[in-house]
Amino acid sequence: MKKLLVIVLALLMVFSLAACGGQQSGGQQQATETKVLKILMEDLNATDQVLARLDDFEAATGIKVEAEVINYATMHDKLVTQLTASESDYDVLVVDCYWVGEFAEAGWMEPLDPYIEASGFDTSVYLPTMMEMVGELNGVTYELPFYNYMMALIYRPDVFADEGLHKAYVAKYGVDFTMPTETLAEYVQVADFTTAYFKEQGVEMYGAVHQAGRGDPIAIEFCNYMYSNGGDFYDADGNITVNNPEVVEALELYMDAVANASPAGAAGFNLDDAYAVYSAGKAASFVTYNTFMPVLDDPEQSQVVGLSEIANIPGGHSLNGGWGWAIPHNAKDKDASWEFINYIESFDVAKLRAEGGSAPTRSDIFSDPDIMALYPYYDTVLDIMKTAVMLPIMPDSTPLMEIFGRELSEAVSGNKTAQEALDQVALEMKDLKR
Amino acid sequence: MISDRRKNALIFLIPSLILLGVTIVLPLAYSFFISFFSVDLKYKGLGAFMGFGNYASALKDQYFMGSIKTTVIFSVIVVVIEFVLGFAIALLFNCKIKGKNIFFSIVIIPMMITPVAVGLTWRLLLHSTLGVVNWLLSFIGITGHAWLADNATALGTVIFIDVWQQISYMVLILLAGLVSLPKEPYEAASIDGASRWQSFKYVTLPLMAPTFLVAILLRLITAFKTYDLIYVLTKGGPGTATEVVSYYIYKQAFTHLKTSRAAAMSFILLLILIPVSYIATRILRNRNEG
Numbered sequence: 001m002k003k004l005l006v007i008v009l010a011l012l013m014v015f016s017l018a019a020c021g022g023q024q025s026g027g028q029q030q031a032t033e034t035k036v037l038k039i040l041m042e043d044l045n046a047t048d049q050v051l052a053r054l055d056d057f058e059a060a061t062g063i064k065v066e067a068e069v070i071n072y073a074t075m076h077d078k079l080v081t082q083l084t085a086s087e088s089d090y091d092v093l094v095v096d097c098y099w100v101g102e103f104a105e106a107g108w109m110e111p112l113d114p115y116i117e118a119s120g121f122d123t124s125v126y127l128p129t130m131m132e133m134v135g136e137l138n139g140v141t142y143e144l145p146f147y148n149y150m151m152a153l154i155y156r157p158d159v160f161a162d163e164g165l166h167k168a169y170v171a172k173y174g175v176d177f178t179m180p181t182e183t184l185a186e187y188v189q190v191a192d193f194t195t196a197y198f199k200e201q202g203v204e205m206y207g208a209v210h211q212a213g214r215g216d217p218i219a220i221e222f223c224n225y226m227y228s229n230g231g232d233f234y235d236a237d238g239n240i241t242v243n244n245p246e247v248v249e250a251l252e253l254y255m256d257a258v259a260n261a262s263p264a265g266a267a268g269f270n271l272d273d274a275y276a277v278y279s280a281g282k283a284a285s286f287v288t289y290n291t292f293m294p295v296l297d298d299p300e301q302s303q304v305v306g307l308s309e310i311a312n313i314p315g316g317h318s319l320n321g322g323w324g325w326a327i328p329h330n331a332k333d334k335d336a337s338w339e340f341i342n343y344i345e346s347f348d349v350a351k352l353r354a355e356g357g358s359a360p361t362r363s364d365i366f367s368d369p370d371i372m373a374l375y376p377y378y379d380t381v382l383d384i385m386k387t388a389v390m391l392p393i394m395p396d397s398t399p400l401m402e403i404f405g406r407e408l409s410e411a412v413s414g415n416k417t418a419q420e421a422l423d424q425v426a427l428e429m430k431d432l433k434r
Numbered sequence: 001m002i003s004d005r006r007k008n009a010l011i012f013l014i015p016s017l018i019l020l021g022v023t024i025v026l027p028l029a030y031s032f033f034i035s036f037f038s039v040d041l042k043y044k045g046l047g048a049f050m051g052f053g054n055y056a057s058a059l060k061d062q063y064f065m066g067s068i069k070t071t072v073i074f075s076v077i078v079v080v081i082e083f084v085l086g087f088a089i090a091l092l093f094n095c096k097i098k099g100k101n102i103f104f105s106i107v108i109i110p111m112m113i114t115p116v117a118v119g120l121t122w123r124l125l126l127h128s129t130l131g132v133v134n135w136l137l138s139f140i141g142i143t144g145h146a147w148l149a150d151n152a153t154a155l156g157t158v159i160f161i162d163v164w165q166q167i168s169y170m171v172l173i174l175l176a177g178l179v180s181l182p183k184e185p186y187e188a189a190s191i192d193g194a195s196r197w198q199s200f201k202y203v204t205l206p207l208m209a210p211t212f213l214v215a216i217l218l219r220l221i222t223a224f225k226t227y228d229l230i231y232v233l234t235k236g237g238p239g240t241a242t243e244v245v246s247y248y249i250y251k252q253a254f255t256h257l258k259t260s261r262a263a264a265m266s267f268i269l270l271l272i273l274i275p276v277s278y279i280a281t282r283i284l285r286n287r288n289e290g
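If you read the protein sequences in the order shown, they are chains A and B.
Okay, so the first sequence: first residue is 1 according to my numbering, each after it adds one.
Okay, so the second sequence: first residue is 1 according to my numbering, each after it adds one.
Read the hints as simulated data drawn from the structure, not as lab findings.
These numbers were taken from a predicted model, which means no experiment stands behind them.
Backbone N, C-alpha and C define an ideal beta-carbon position, used for all residues, glycine too.
It cannot be assumed that every hint is accurate.
Capping the alpha-carbon separation at 20 Å, the derived lysine to aspartate or glutamate pairs in DMTMM-like fashion look like this [to be verified]:
| id | chain 1 | residue 1 | chain 2 | residue 2 |
| --- | --- | --- | --- | --- |
| 1 | A | Lys35 | A | Asp122 |
| 2 | A | Lys416 | B | Asp61 |
| 3 | B | Lys60 | A | Glu428 |
| 4 | B | Lys44 | A | Asp77 |
| 5 | B | Lys60 | A | Asp423 |
| 6 | A | Lys35 | A | Glu58 |
| 7 | A | Lys430 | B | Asp61 |
Pulled a few chain A residues facing chain B out of the computed Cβ check, cut under 10 Å [as the list claims (entries may be wrong)]:
| id | residue |
| --- | --- |
| 8 | Trp108 |
| 9 | Ala212 |
| 10 | Ala280 |
With these hints in hand, go ahead and build the complete structure from the sequences.
See the structure below:
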């Protein structure tokens, strides 16, 4: 009797464990029946504009969308673990432009062409640069462009118009300056001088603020310096050019600006840290995403409302960037996933999102009179985009940015010279798949 | 009778053994297996057989070896500081002080917070231009220091934050040890005319020795695996100044997607930790048997 009791108890423990597992999968099944789509998104304004449209989508289609909104830094790694599984928790993907090569190589994105054809979605409305970056790859459409985050120089004309600053600058260099400057070298010189000038005046105002923290922040920001100084990762023949003299010179200028124009600590700043300094009115210029213009003009998120202007990076080549919508290869209900993408990228919904400040990717939104009236600087954004350069689309672009970010951080923190750091990047790039 | 009891015990253990096998032994065995191949998360399958190639390339990797060095420096310093300060605080709590319970609650609060929240909070406090720490320091003439971005202070700052959070763990273990010490040796010492310092030196310290070792070794193991605090505070920067080995392995696995390489590095880390954990379990067992 005692033995029987023991066996029954043990079996009960085993079954209760099994039942726990069973309940979970039962829950998932129910979720699929009521059509709940899950998306992992970055915590920023473009996402807020999508979240604001979810109730309308549910009312129109009966499909509920649940967005998990997190910090950018953890997104890639969280997605990878889902995409390598047999079934993904996420039904729709938002993909950063430099993950495209990696995700396509791994087969993690479902080709969208059959869905586009079946629903008659017109992809020609997108800016060609956006389709090239977060749309098509090798003739297959994997994504629809979601929003652009092309970088630019955001600056404070009121600070750079300071009479005393100009007088002192002329006294030192014999010539005056205009912001934005023509060349990168001149920009760094003006930014350094501005910091020194205001320090002397007892005012806490930095000529520039940088996001020079290790990893993605410094890698992304420095690309603007590299491209504007005529450098790149590879040449047209695929040879590694990241340690060429023009890139070394760009890095030396960047190191100079981080050390002398930015506040102490910029070598550890991420985007949030740098934005906090600029939006608190303590910096006069900031190489950052054009999507921050509406945020800087929002009194709830900024103390410098209406004071910023946007321009191309001195030297003329900013980093182009953007996000795209895709369907994971292991999504449970791909038709429902497409229904959502089709809805959120339709003209009317894209316009509503753009009105809220989500940076457009469709040319018909850019040319819409209502949108242009709200954001007159979009003319400048389109101009900058003409010469903007995108990161190489390659299977190993994520490791490339990680290596780049580590070595740039070594340089700005004084452990290596610009040449040593870039030589190390070039050495490790030989092992990367292009 | 004994055999029956054993059988019963075994039957009850089976579910736990299955659970442990599935969640610990199988993944460990599988990761050991794949450490001999070239698994890349982008591609299906195991890739080419590498033999000990992943182990050899890890040992030749200057950044991996550098991260082990940083981890050893970090772990030794945090454990020494936490032990010395933790023991001092434990001794204070072992005395009769008014409002002891309130202070004790305050001391253990940091242990209750997740390292990510601790990291984010300190990141804001230490912001070079907008943070409270530099604002307070400006009153004594120290202005705008970049605590987490300066090579000279980054690792030290991370160590300070880790000590701030983890010291309560040390206090708890050591205080538990102090409270459970027998009274008789102290009475004997006082009859023999020992001073307070002498009974501390000749009674407390020797009796506490096994607790010291366990506390130090357990904390050393957890310090060696530190990851979350680095991830939030510095991402290993500036440069590689705060890159600890767990963070480096994580990057190999989830950024470079080199799963086999990361598995080989994890087993090298395990080889370093096994002797430490072996000594700790031996002491614990001897103590329990004693």
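Comparing the hints with the structure gives:
1. Under the criterion of a C-alpha separation no larger than 20 Å, the hint pairing Lys35 (chain A) with Asp122 (chain A) is inconsistent with the structure, at around 26 Å.
2. At roughly 18 Å between alpha-carbon atoms, Lys416 (chain A) and Asp61 (chain B) fall within 20 Å of each other, so this suggested pair holds.
3. Of the pairs offered as hints, the one joining Lys60 (chain B) and Glu428 (chain A) holds, with about 14 Å between alpha carbons and a cut-off of 20 Å not exceeded.
4. The hinted pair formed by Lys44 (chain B) and Asp77 (chain A) meets the criterion: a straight-line CA distance of about 18 Å does not exceed 20 Å.
5. Restraint check for Lys60 (chain B) and Asp423 (chain A): the C-alpha separation of about 19 Å stays at or below 20 Å, so the hint holds.
6. Under the criterion of a C-alpha separation no larger than 20 Å, the hint pairing Lys35 (chain A) with Glu58 (chain A) is consistent with the structure, at around 10 Å.
7. Under the criterion of a C-alpha separation no larger than 20 Å, the hint pairing Lys430 (chain A) with Asp61 (chain B) is consistent with the structure, at around 15 Å.
8. The beta carbon of Trp108 (chain A) comes within 8 Å of a beta carbon in chain B, closer than 10 Å, and the hint placing it at the interface holds.
9. Annotation: interface hint on Ala212 (chain A) holds; nearest CB of chain B at approximately 8 Å, less than 10 Å.
10. Hint status for Ala280 (chain A) relative to chain B: holds, with the closest Cβ pair at about 6 Å, below 10 Å.
Checked against the numbered hints given earlier, this structure breaks only hint 1.
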